[in-house]
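Enquirer: One-letter residues, chain by chain:
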Amino acid sequence: MSGVLLRGFGWRHAGRRAWAVRGVDLRVEAGERVLLLGPSGAGKSTLLSALAGLLPEDSGEQEGTVEIDGLDPRKARERVGIVFQDPETQLVMARCGDDVAFGLENRGVPAGEIWPRVDEALHRVGFPYSRDRNTAALSGGEQQRLALAGALALRPGLLLLDEPTANLDPAGATLVRRAVAGALDADTTLILVEHRVAEALPLVDRVVVLEPGGGVRADGPPGEVFATHGAALAAEGVWVPGHPIAPRPATATPGELLLTAEGLGLPPRLGATDLGVRAGEALAVRGPNGAGKSTLALLLGGLLRPGTGRVTASAELAGADRRTPPHRWRAPALARRIGSVFQDPEHQFVTSTVFDELALGPRRTGQPEAAVNDTVAGLLDRLRLDRLAAANPYTLSGGEARRLSVATALATAPRLLICDEPTFGQDRRTWRELVDLFADLRDAGHGVVTVTHDVDFVAALADRTVTLERP
Amino acid sequence: MNHSDTNRWRTIDIVVASVIAVAFGVIFWAWGLVWSATEGAFAFFPPAQTLLYGVWLMPAVLGGLVIRKPGAALYCETVAAVLSALLGSQWAGTVIPQGIVQGIGAELAFAAFRYRSFRLPTAVLAGALTGLSAALFDFFVWNVDYALGDYRIPYALLTIVSATLIAGAGGWLLTRALANTGVLDRFPVGRERAAI
Amino acid sequence: MISIEPVAAPGAPLARRNPVAKVAAALVFSFTLLATLDPVAPAIAIAVELAVLPLFGIRYRVLARRAWPLLVSAAGILITLVLFAADRSGRVLLDVGPVLVTTGVLLTALGLVLRVLAVALPGVIVFATTDPTDLADALIQNAKAPARFAIGALAAFRLVPLLGQEWQMISMARRARGVDAGRNPVAKLRLFTSTAFALLVGAIRRGTRLAVAMDARGFDAGTPRTVARRQPFTRADTLLIAAAAALAATALTTSILVGTFRPLIG
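Chains as they are written, first to last, in our numbering: chain R, 1 to 471; chain G, 1 to 196; chain L, 1 to 266.
Since the hints were derived computationally from the structure, they do not count as laboratory data.
One or more hints might be untrue.
What the hints assert, rightly or not - If you want the footprint, here are the derived chain R segments under chain L, 3+ residues with CB under 8 angstroms:
1. 83-97
2. 111-120
3. 337-344
Using N, Cα and C, we set each Cβ at its ideal position, and we do this for glycine too.
Model the full structure from these sequences, guided by the hints.
Expert: Here it is as structure tokens:
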């Protein structure tokens, strides 16, 4: 059981002008369950890294003090366990049991004790497979459970969870929250960072809100904190319960068919699917993990060759290529007609500045430079990226990168936009901007297809939903 | 901080060096996919391959420039070789010693500057030396039966030129481009970027 | 798809041997054979390699699939040698412009082709039957390799299939952005470079996160590591290495006795 004490704590990463976190005074008693909140960029993750002893002295500049049970966290590492957001980058070994054993080996636990402790930890998180299971064969939710087992096997007095469900679909997130609830005992102190507050509340008894400029804005029982600060937090992008976002239903009936899929499939990833997308329509595609939603998005986007069936573009959408299916169009022609937004924005970045990134599509499709500049200026303004025109796209925050990736798809003014999980991991503010942006596009006569697990997003935007089954 | 501290590899040095090698393993695999149509010409006429020899030597130079620790160039090229063996390279057995020899070439260049200079001239020298070591390996191990003047010497020279340009100068440019993306912020090379 | 999983039947008697012993045996065998340029020793070696294949639990079809690029390379050697052979002794078989094919050239080519196959196959066999985790464990426990480096490399190897998928996603994302190369080789090269760059950025980002997660579980704690999985090195493993050395020596000796031996240096 471990306690935490921060006095005037601040940290600035090397090479940065701004402090990631600053002026934090906080005491967490042993056994407390704390939800740490704050708008994007308030320094929540940096604070957790500091508590986990993962900020080496030479990697930045520290102010004030931070202590775990009176010790520098770098010297108290065996008292702290941490689970991060991305399941892919916290599993080390190829087999599940080996991965849980990894931490025990590092800490020098005698060989005879390792496997019983591995089994105990796997049992505590309700892990359903044997130790020999390949970690690559697990779903995201199962991988996060395994990561939790890896942390718990070391019997930490303080457990830190850094948005452990942000990268998961709803079913996976439920799985992980259940595992956390079941695995915690009275001896473990918990500090959780999670911007989806409603889901996190059953796990905590105290809420701490960080102020982006520095310091602690609010600290207390959840009810009190949200009564006073709920509205402000919601406006800043935190998902506070009781602050719904107004839906944006269509203002007109859908127009003509743009794209038709008949018997479209790609075994074994996607079974035969029929659907049509109309102009002025927002269509949501839902379905469980493994149903082939992303594959469908790629097929509709003309990026993959169909295994079965076909995709047909309307004469209006196809223009000069009316005799060929979208996957055989040349890329510049495709980008003018169908825009695709990938789940990971970084997959789409091609150039070294935000400006060039937005100008790329228009230039490739042969627009004169003056028109390119106008298009780029308009998009920079519309998606709040003006200040970042000269920045390298890879240096953007999650929300900025998402806005840029949508903007690049819009730069060539395609009639049809296809997005794969556009709201994944986004805060409430970016989320709301995306709803408005897609709704505006739809109302201006574009077709918008979103593949998504996000129930709220579907409710706010979609005019029609198609649900896929596992093939 | 004393010298022995800066020479110790942090976990992030080890893992990122390994990941660079792994990424190049995947890039070489993709090279095979993308160029399968033209690859035949390269495979049937080995001298043509030497023009692009430098691509295979990039992990060594990039590893040295990013990690900046003794052994980084050697480690990266060796891990890349082990990976290509595990991936089922047809050269499985010999790529590992070959990778070690090539890595030593680049390593010598960084050592010559006592691991204190990582500028363009160092990178170019590292490229040239890794090319030289690769050329020597091939010269003695694989090319003995070919004509000296018409083949062995031009092959060796082309290898060195390709390595100097692609692995050396190319590796330096690549390191700078990577630093600009912010992913190297935990490394000295990333911190040389202006504070943002 | 790209994968580093072994392809052997589990439990095959030689596939189960200690990975360090297998790699050592392959290296000993291959490097002994590098010493000669004649066709006889490699021919014997290839016969040995094909004979032990079932003991490694690899089917001939699987080996053929992994090794077929070697045959392409062999053809390349033949063509290059016809153009650039150092030794053009023997009876002239063909003389057209720069192409002068003699019996000497063909004999040398045969030697080189067999040599390439004989030297490469042991590695193909060993790595096709070795699990990366077992290899890292054995390198640490039996070959005194530094644990931090072996485990660090192993953790990175886990990203291979992931990065393979990532390559395909990045390629499709480029097409969606309106970037393609068509048949223009220069544009193709530029597109390849840009895809490779995006892959590297993502890979280094992942590597950085992975390193932090490993440290969070005490990887750099400085306490001596214990081992959860034992890799025994038994008498059978020593025997495997000795047998590899003996068989390679036999091949060399035979070539000396029949008088075809041509040392690499000398």
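Enquirer: Under 8 angstroms between beta-carbons, do enough residues of the segment 111-120 of chain R, three at least, approach chain L for the coverage claim to hold?
Expert: It holds: at least three residues are needed, and the segment 111-120 of chain R offers 4 whose Cβ sits within less than 8 angstroms of chain L.
Enquirer: With a Cβ-Cβ cutoff of 8 angstroms, does the segment 337-344 of chain R contain at least three residues near chain L?
Expert: Held - the segment 337-344 of chain R has 4 residues with a Cβ nearer than 8 angstroms to chain L, which meets the minimum of three.
Enquirer: Can you confirm whether chain L covers the segment 83-97 of chain R, using C-beta to C-beta distances below 8 angstroms and requiring at least three such residues?
Expert: Since three or more residues must qualify, the claim that chain L covers the segment 83-97 of chain R holds, with 10 doing so at under 8 angstroms.
Violated hints: none; the structure is consistent with every hint.
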